Amino acid sequence: MYRYDEFDQDFVHARVAEFSDQVQRRLAGEITEDQFRPLRLMNGVYLQLHAYMLRIAVPYGTLNSRQLRMLAHIARKYDKGYGHFTTRQNIQFNWPALSDIPAILADLASVEMHAIQTSGNCIRNVTADHFAGAAADEVADPRPYAEILRQWSSVHPEFSYLPRKFKIAVTGAERDRAAIQTHDIGLHLKKNAAGELGFAVYVGGGQGRTPMVARKIRDFLPEAELLSYCTAILRVYNLYGRRDNKFKARIKILVHETGVEEITRQVEAEWQALKDAELKLPEADIQAINAYFAPPALVSRPEGDDAVKRARLDSKSFSEWLDQNVVTHRHPDYAAVTISLKGIGEVPGDATDSQMEAVADIAEKYAFDELRVSHEQNLILPHVARADLKAVYDALVEIGLATANSNLISDIISCPGLDYCALATARSIPVAQEISRRFASLERQREIGELKLKISGCINACGHHHVGHIGILGVEKKGTELYQVTLGGSADENTSVGEIIGRGFSSEEITDAIEQIVDTYLGLRLNPDERFIDAYRRVGPAPFKEALYAGETKAA
Amino acid sequence: MKVLTANRLSDGIAVWYAAGGWAETVGHADIAYDKTAEDRLEAIGAAAAANNEVVDVNIIDVAIVDGLVEPVRLREKIRAAGPTIRTDLGKQASPQPARAA
Numbered sequence: 001m002y003r004y005d006e007f008d009q010d011f012v013h014a015r016v017a018e019f020s021d022q023v024q025r026r027l028a029g030e031i032t033e034d035q036f037r038p039l040r041l042m043n044g045v046y047l048q049l050h051a052y053m054l055r056i057a058v059p060y061g062t063l064n065s066r067q068l069r070m071l072a073h074i075a076r077k078y079d080k081g082y083g084h085f086t087t088r089q090n091i092q093f094n095w096p097a098l099s100d101i102p103a104i105l106a107d108l109a110s111v112e113m114h115a116i117q118t119s120g121n122c123i124r125n126v127t128a129d130h131f132a133g134a135a136a137d138e139v140a141d142p143r144p145y146a147e148i149l150r151q152w153s154s155v156h157p158e159f160s161y162l163p164r165k166f167k168i169a170v171t172g173a174e175r176d177r178a179a180i181q182t183h184d185i186g187l188h189l190k191k192n193a194a195g196e197l198g199f200a201v202y203v204g205g206g207q208g209r210t211p212m213v214a215r216k217i218r219d220f221l222p223e224a225e226l227l228s229y230c231t232a233i234l235r236v237y238n239l240y241g242r243r244d245n246k247f248k249a250r251i252k253i254l255v256h257e258t259g260v261e262e263i264t265r266q267v268e269a270e271w272q273a274l275k276d277a278e279l280k281l282p283e284a285d286i287q288a289i290n291a292y293f294a295p296p297a298l299v300s301r302p303e304g305d306d307a308v309k310r311a312r313l314d315s316k317s318f319s320e321w322l323d324q325n326v327v328t329h330r331h332p333d334y335a336a337v338t339i340s341l342k343g344i345g346e347v348p349g350d351a352t353d354s355q356m357e358a359v360a361d362i363a364e365k366y367a368f369d370e371l372r373v374s375h376e377q378n379l380i381l382p383h384v385a386r387a388d389l390k391a392v393y394d395a396l397v398e399i400g401l402a403t404a405n406s407n408l409i410s411d412i413i414s415c416p417g418l419d420y421c422a423l424a425t426a427r428s429i430p431v432a433q434e435i436s437r438r439f440a441s442l443e444r445q446r447e448i449g450e451l452k453l454k455i456s457g458c459i460n461a462c463g464h465h466h467v468g469h470i471g472i473l474g475v476e477k478k479g480t481e482l483y484q485v486t487l488g489g490s491a492d493e494n495t496s497v498g499e500i501i502g503r504g505f506s507s508e509e510i511t512d513a514i515e516q517i518v519d520t521y522l523g524l525r526l527n528p529d530e531r532f533i534d535a536y537r538r539v540g541p542a543p544f545k546e547a548l549y550a551g552e553t554k555a556a
Numbered sequence: 001m002k003v004l005t006a007n008r009l010s011d012g013i014a015v016w017y018a019a020g021g022w023a024e025t026v027g028h029a030d031i032a033y034d035k036t037a038e039d040r041l042e043a044i045g046a047a048a049a050a051n052n053e054v055v056d057v058n059i060i061d062v063a064i065v066d067g068l069v070e071p072v073r074l075r076e077k078i079r080a081a082g083p084t085i086r087t088d089l090g091k092q093a094s095p096q097p098a099r100a101a
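The listed protein sequences correspond, in order, to chains A and B. Residue numbers for the first sequence follow our numbering, so the first one is 1 and each next one is one higher. Residue numbers for the second sequence follow our numbering, so the first one is 1 and each next one is one higher.
Everything labelled a hint here was simulated from the structure, so no lab data went into it. Where hints are given, some of them may not hold.
[Claimed, not checked] SDA-like mimics (lysine to any residue), calculated; alpha carbons at most 25 Å apart, straight line: (1) A:K280 - A:A224; (2) B:K91 - A:K280; (3) A:K165 - A:L227; (4) A:K77 - B:S94; (5) B:K77 - A:K280.
[Unchecked claim] Facing chain A, from chain B, some residues (calculated, C-beta under 10 Å): (6) D11; (7) G12; (8) K35; (9) R40; (10) A49; (11) N51; (12) V55; (13) E70; (14) E76; (15) R79; (16) G82; (17) I85; (18) R86; (19) G90.
[What the hints assert, rightly or not] Residues from chain A that face chain B, not an exhaustive set, calculated with beta carbons under 10 Å: (20) E30; (21) Y52; (22) A109; (23) S110; (24) Y420; (25) G479.
Source: prediction; values computed, not measured. For each residue, glycine too, the CB sits at the ideal point set by N, CA and C.
Okay, chain A solo, but in the shape it has when bound:
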C-alpha cells in the first residue's frame, strides 16, 4: 500500500501542529466559534448531539494492521471503546473531547493517518472498489489513481473553497462496487481497443435531497490526463456552481440545470487549454505510484481446494459463510473475505476496540497485512489463501464477526441517525436492528437472496436510501418518526434512484411493511435467481403498493 514520503509526513505533521494550535486558541477563548468552526470542519471535527465527532480518513478504504490497531487504541483511550465505519470508507468516533483531538491527530500521524478534508466544501476522501487489487474481474487496480487524486486534491488552493463538498469514486471493474454513479465525479478505469488504460468519466451524481444519477461525459480519457480533466471539471463547477443556495450547490444541480451536453462542451473546452501540459501525468510518476500498490507475493497454495472441501463437510456454518462472504480472487488459490459488521441486531458499521485489534491480528497473520473498509460499512480482507479460510473464519467466530450475511437483507447500510447526528430527523439504527432481528434466520435470508436495504435518518441520505433496492428514509412528522419507503434503487453499474412507494410508516409499522414487501417479492419472482431488484424492474411498484396499501383503499 501507499507509504508516506517525506513530503507527506511533513505535511501531516505540520497540519497537526497547526490545528493543535487552533484548538488551544479556541479553548483559551482567543478565537470564536464562528472563526473556529470552518477550521475544525477542515480537520474532521463535527459537533453532534452528545459530543464532538471526529471523522478520520481511510484513503480509498485501505488500511494496514498497524493503522487499525491505532484506531482501536483511539477508541479505547479517547473514546468509548468503539468506532463507526462509514459509507465513505472512513471511520468516525462519537465521543472525543475537543481538548483530546490534538493528541488523537498526533497518534494518527504516527501511523500515516489524518482527518484532513473529511468535511467542508472541498474534495473529500476519494473512494474505490473495496476489492481493488484482488478482484478477478478487474482491469487494473483503481487505487493508484485514487492516490494520485488524493495528492492532487489535498489542500488544493483552487479547490479548497468549492460551492459545496465534492466526492470522487474510482472503480477498475465493469461490475461497479464503488457506486461511482452516485458521486460528483465517477471514474471507471478501463482499457480501450488498443489496450491502453483510461477512464470513462461520469459527472453529477449524488444523493441528498435531490438524488441524481451521474451522466457520462467522456467514454475514454487517457490515464495520463486524469488530473487535467478533473481540473477542467472542477474549474467549470467552481465557476458556475451555485453559491446562493446550499441545497442547489452540488455539481449535480449544475449538470441538471445546464444540461449534460453544455456541461460536456464547457469541460472539454476548459480541458483543451489544460491537456498535454503540466498536469499531464508522466508515465514514470504513474509507475512510481503503481509500485506502492504492487500486489503481495501470492505464493501458490494449491492445498486450499482440498482444505476448503474438507472444512465445508465439517461445518455447515463455515460453508454458509464461504458461500456468502467469500469472493473469487484473481489468483485461484486465494479469496477476498468480507468481515460483516452487521451481526444480527447489532449497529451497522460499529466495531469495538478489541474487535479491531483482533481483526488487525488476523490481517497480519493471514492477509498480508491488508484491510479495506467497504462503503457498505464492512471490513474486507482482500487477499486470503483459500487454505487459510477456515482459520480466518474460526478467528472471526471468536470475536463475533463471522455473520454470513454479505449482500443479504440484514447487511444493512445505516447512517447514525438521530441517536447521534445533529442533522437527523429520525432514528435509523433501531430500524436497522429490528429488521435485522426480524430476518435473523440465515436460511430465510438466503432464500430471499441479494437484497440491498439502506436506511437514512434524514434527507441528506448518508445511509444511501435512494439507491437501496429497498430504501428507508426517516423523517419527523408531527413530532414523531415516520419512515418513507423507496423501492428499485441501486448503486451498481446500472444505478437507479428508488421510487417512493406510498405513505410512510410509523416506527411500529416499518418492519412489518418491509416484511410485506419481501413476501410480495418472493411471491412474484420468476425463480430464485431473479433478484429483488430485477423483479422490481420487471413488475414495477404496483404489486408492492397493492400489498402495502390495498386494505386502506378498501377501508376508505
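Given chain A, work out where chain B should sit, using these hints.
Relative to the frame of chain A, chain B by itself:
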C-alpha cells in the same frame, strides 16, 4: 415551558443551565415559564457562548414528568439521555439524582 441547553466547549458534552451553572443532566434545569424568563435564559446563553464556555446554545421546550424536567422533542430527549441503542452510554448510563422534595 422552556430550558436553556448547549454543548460544553471543551468536550462537547450536552449541558443544561441550572442554578447558576451548567449541569450535565436536564432534570433540574432552570425553567422559563414566561417570555421574560425566556429572555433571561437567552441572554445567559449568549453570554456563556461569548465567554467560550459553551457552543450551540438553544432554548428548548420541556415538560415536567415525575417531578423532573423532560424535553418534549425526541431529538432533545435523546440528547438528554444518550443513544437509544446504547443505554450504557450518555447520561442514561449513570443514575439521575431524584429531585429534592
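**Study point:** Hints the structure fails to honour
**Key:** Result: hints 2, 5, 8, 9, 13, 22 and 23 break, sorted rising.
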